[in-house]
Amino acid sequence: MMKEMQEYTAEVFRRSEKRIKERRRVRNRVLSLCIPLCLTVALCSVMLLPTLQPIGPDGALDQVPADQPSQETAPENAVGGTGSFVSVIIKGFSVGSDGTQAITDPDQVTSVHRVVLNLYKEAPTGTPEDSPDEDPMIPPGDAFEDYQNGSSADCPEYTIIFTSSDGANATYILKGYKLCDVNNAVDIQLSDMQLKELKTVCGLTE
Amino acid sequence: MDNGACSYRRFLDGDESAFEEIMEELFYGLVFFIDRYVHDVHTAEDIAIDTFSDLVVHRHRYNFKVTLKTYLFMIGRSRALDYIKHRRVIDFVELTEAQNLSDDEKALEKIVLADERKCLVNTALSKLPDDMRAVIHLIYFEDMTYDEAAKITKKNRKQVDNLLYRAKKELRTLLGEEGERL
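Quick mapping for you: the protein sequence lines, in order, are chains A and B. Okay, so the first sequence: first residue is 726 according to this note's numbering, each after it adds one. Okay, so the second sequence: first residue is 14 according to this note's numbering, each after it adds one.
In isolation and in its complexed conformation, chain A is listed as follows (with noise of 0.2 Å):
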């Protein structure tokens, strides 16, 4: 039997209305489990975060610089350590000059080896200052780029080696103003004032 118009109107308003209650509710349970969710891993990722940065030799969290230009971390995986270096040899090839100079000082090897390490961590941004008047092994002029990178002729070049109890060596070239961790194939472009700092240690000034 065919119905009235009436009682299919009032079918097609019934069954959009338990559509629409339908729809409500479906959206009501996402919500009541996605907001929780969302909630929790918000929470999760604020407390594993710290966890995920890499952690310095101080135990400290690692704060890389962001204007350092190269791979300038600090060899902080030297072999040996700071504590367990014995001695120090430092071999110079300076012009009119070729000698070896070697200390087994503990102190000073400490001393210089946490130089070297400190010099890592601060290498600087910016090329070296220009006072080529304070060091009379500097050449004047144009040439002075090519000593500040290593790659004059004329540069003074010396080797530092350290050696621990075991017979390891950290090794390390200072050629100008540049220093190179050749065991870890890291260079580094040093300061007027931190050059001045690592010779004096190492007791490499005139």
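Derived from the structure by calculation, the hints contain no laboratory data. Wrong hints could be hidden among the right ones.
[To be verified] No more than 20 Å apart at the CA atoms, straight line, and that leaves these computed lysine to aspartate or glutamate pairs for EDC-like: (1) A:Lys728 <-> B:Asp63; (2) A:Lys846 <-> A:Asp917; (3) A:Lys743 <-> B:Glu29; (4) B:Lys181 <-> B:Asp160; (5) B:Lys78 <-> B:Asp59; (6) A:Lys728 <-> B:Glu33; (7) B:Lys98 <-> B:Asp53; (8) A:Lys728 <-> B:Asp143; (9) A:Lys728 <-> B:Asp53; (10) A:Lys728 <-> B:Asp59; (11) A:Lys746 <-> B:Asp63; (12) A:Lys728 <-> B:Glu38; (13) B:Lys131 <-> B:Glu38; (14) A:Lys728 <-> B:Glu34; (15) B:Lys140 <-> B:Glu118; (16) A:Lys728 <-> B:Glu37.
[What the hints assert, rightly or not] Estimated spans, in silico, between C-beta atoms of each pair: (17) B:Asn175 <-> A:Leu762: 47 to 57 Å; (18) A:Phe738 <-> B:Ala120: 47 to 57 Å; (19) A:Ser757 <-> B:Asn169: 42 to 52 Å; (20) A:Ile745 <-> B:Ile97: 22 to 32 Å; (21) A:Ser757 <-> B:Ser91: 25 to 35 Å.
Glycine residues also receive a C-beta, built at the ideal position from the N, C-alpha and C atoms.
Given chain A's structure and the hints, the job is docking chain B onto it.
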């Protein structure tokens, strides 16, 4: 004739009586069209009611770019095809119930087809393939344009043209002498 668009605008503005006007104008035609696919009047009614409830639940989906009739027939056709796709079991009904079913179909035919000519064509239509049947129904029974029929059946105008041509050829054969008169 805007096929219900004006009434629908009034319904969207809050006039519920406008929806009854839309139902009166389009409901039986839609049921008749859906019945071409599902071959069961009660199922066709069910699907038509769901189609109209789509208008109520998703009020702002209809963008007035096509006539309301075209839009409803598009939804109705999709729902009918979905029903056919998901229908798994062939319903076995008792003979008495089958008799009632056939009575309902005749009642629906009587409501929708006032014209004797249309009644004759309707009888012959059941022997045609689905596509042709749908197109003949939309153009001949629902007085739709070729473009509207193309939109509903998801074909282009040229395809509708071809289907119509072939359907008329078939109908002439099926209807015989009566077909010549038509």
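Find the hints from earlier in the document that the structure breaks and name them by number, from lowest to highest. When the structure is compared with the hints, numbers 5, 8, 18 turn out to be violated.
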